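Taking the hints as your guide, dock the two standalone chains into a single complex.
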Amino acid sequence: MGVAGRRWASVTTVALDDAELASRFASGDADTVRVVYQKYGRLVFSVAMKVLGDPGLAEDATQQTFVQAWRAAASYDPTRPLGAWLTTIARRVAIDTYRRERRHRDLDDIDTSTGSALITLPPSAEQIHDVAEVRRALDELSAPDRDLIRMQHFDELTHAEIAAELQVPLGTVKSRTFRAHRRLAGLLAHLRAEPDDDVQEGGSHGRR
Amino acid sequence: MDDDDLTPAERAEIDRIRATLVDPVVWAEPGEDLQERVVAAIAAEAGARQPTPGPRRRWVRYAAGGLAAAVLLAIGLTVGIRANQDHPVEFAAAMSGTALAPGASGDVTLTKTPSGWRIKLHATGLPRRTDGEFYEAWLKNDAGVLVPIGTFNDGNDVTLWSGVGPAGFGTLTITREAADGNQASSGEVVLLGKPHLS
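Read top to bottom, the protein sequences are chains A and B.
According to our numbering, the first sequence is numbered sequentially starting from 5.
According to our numbering, the second sequence is numbered sequentially starting from -5.
If we strip away everything but chain B, and leave its shape as in the complex, we get (with noise of 0.2 Å):
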């Protein structure tokens, strides 16, 4: 099959946008800082938010907010905790065997809480691992910047904690590795997925 196999109308498209296609600005590409000032010029924006008191009676008004706040401060830890239970930040993904353990698979969730990525791996079809043979779980940028995040004998019900989350480091791996001084990947993956957000 070649491009003459096209019909007349997916021939007429791409006839209709060739001229696009030529244009540069269509294939131009951002400088890859872009997406980080992208996050901090909204996270300062909601900064900016946060209303401020004026000068006039500042202590009243810090006196009657700090009231306020010790009477809120129990609800809203309450309501302010189950609402970020109800709607986390959470993305998802299929493990898929690599060629190591064809075998393999499972699926992840990794949940953006205060304190880090909460990971919640099940992968079945890997044999169990001891005797100074253990698992090893990494987050994996564009860049291939490694960032491990824990260890396990058994990948049926695992969790891990991460202090990186994939919309920066996109590909998450586990690894066969052994007690043997080198903190560096073996490279051995066997689990491979790309977490979205679910």
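If we strip away everything but chain A, and leave its shape as in the complex, we get (with noise of 0.2 Å):
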């Protein structure tokens, strides 16, 4: 079962911030924006990039995503986590840009008798679940820990390449390594052990 088969916004405790960043960010104003695409930008970034693929695509829906935030600021519930709010507007938003593109496409590809579309699907509602929640995580670490983490596994190196690589002995990498992955399990730990019908929350959205 992936991380999606269990809760899509379960963290019932909301950092008291979240509603009050989201209430100062439905005025607008250019300096709360800010700090909200900060704290939560790569997240709806990645997960339009998980939809479509494309950076270009994914840097117009996240913008998208952000603007529709703003103009359903008023409707925010703030008991929920602000960035599981905007991931589901993120997910909502790539969708409709995904199946417009790929309309596009298929007329294009009529227009030049190149032949039959290629046919394609979207990720599902747990891969894009499961990105979303990772990124998440990996943002609440620490960049160094950050950056072992993606060394270690998106880069492949072995701790002993990563220790050559930022001049530190082997077993501080080791240590660094099992912190950083402790901290990485704990920040999902809210995950593990949820009743699967939670998935419905994640599941329905953007299958409109």
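Calculated directly from the structure, the hints in this document are not laboratory data.
All values derive from a computational prediction rather than experimental measurement.
From the three backbone atoms N, C-alpha and C, an ideal C-beta is built for every residue, glycine too.
You can trust all of the hints, since none of them are fake.
Here chain B is said to cover these stretches of chain A; the calculated rule only asks that three of the stretch's residues, wherever they fall, bring their Cβ under 8 Å from a Cβ of chain B:
(1) 38 to 51
(2) 71 to 82
(3) 138 to 144
(4) 151 to 164
Structure below.
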């Protein structure tokens, strides 16, 4: 079972500043918009990238997500994490963009008689959710810890290679990796052992 | 301690997300200009919400509007200013002394006003500087661009003003300076803080 097999917006304790941030975001104040973007922009962009797979389209979808969030700020439920709310909007916007782009591409293919349009499906709600949750957790890590996780998992470096890259002792890399993994697992721990029916909340959005 | 010391639950969680961690999407970063595009788009939307009068009997509307505006101006100014004062955009930070001033500390609040950012600094542990020597406050962005926001002698109760905000210039520093004709920062940072929305 993937991460989305558990709960989408299960965190019931929401930092007070999320509600306050959303309230101020509604005013459209440029500096507050920047703060919200700096906190959640990468998360929203990751969701859009997962659906669209194109940086340009993902940036457009990210921009549209924040605009739609601003329009709907009055309806934001302050008991819900702001990041989860933005993720829901991002997924909906990205899927709408995906469908629009696919329609255009299909028409182009017909016009130019290049054969049948490439048939691809957007990622599942579960896959999008996995990316959102992991991205959100990574954003909570310190930059050095995030870099360490990236080097080990994405760049596929060994501990020894990371030690050489960072010019620190091997033991330091091992202990720092342990701490980073422990923190990451802790940040995702709320997803464990939660009822499957909660995925409905995540699965229902973007499937209008 | 290394990964062998993770609990089974922790190891299971890391194993579960391993496939996601190798997905380039998770590590993708948006372009640097996207933040300002978002700000501009929302500003444009906010501007578009302002109602515009129709073409018919526009002069009547203008006259009525002018009269109403005159009446409401005083009320609006009072209420608006008061409302703005009730919920101003405000950032705050605890200031920490650096190795050059390990005993120094302080706090700072940055409040957005129509004329710029008003910055109130309360610092302790900094000796008073006089006779051509003083402190200077700066806001710095991620690219290292420094914007000077004022000079002072004693850090106890300081009001500074800035034309740039802490959302874009996220680090506030205090340096030791001398009136030596060099306008650049001395680099001798004695206090440092990173304001956040409060």
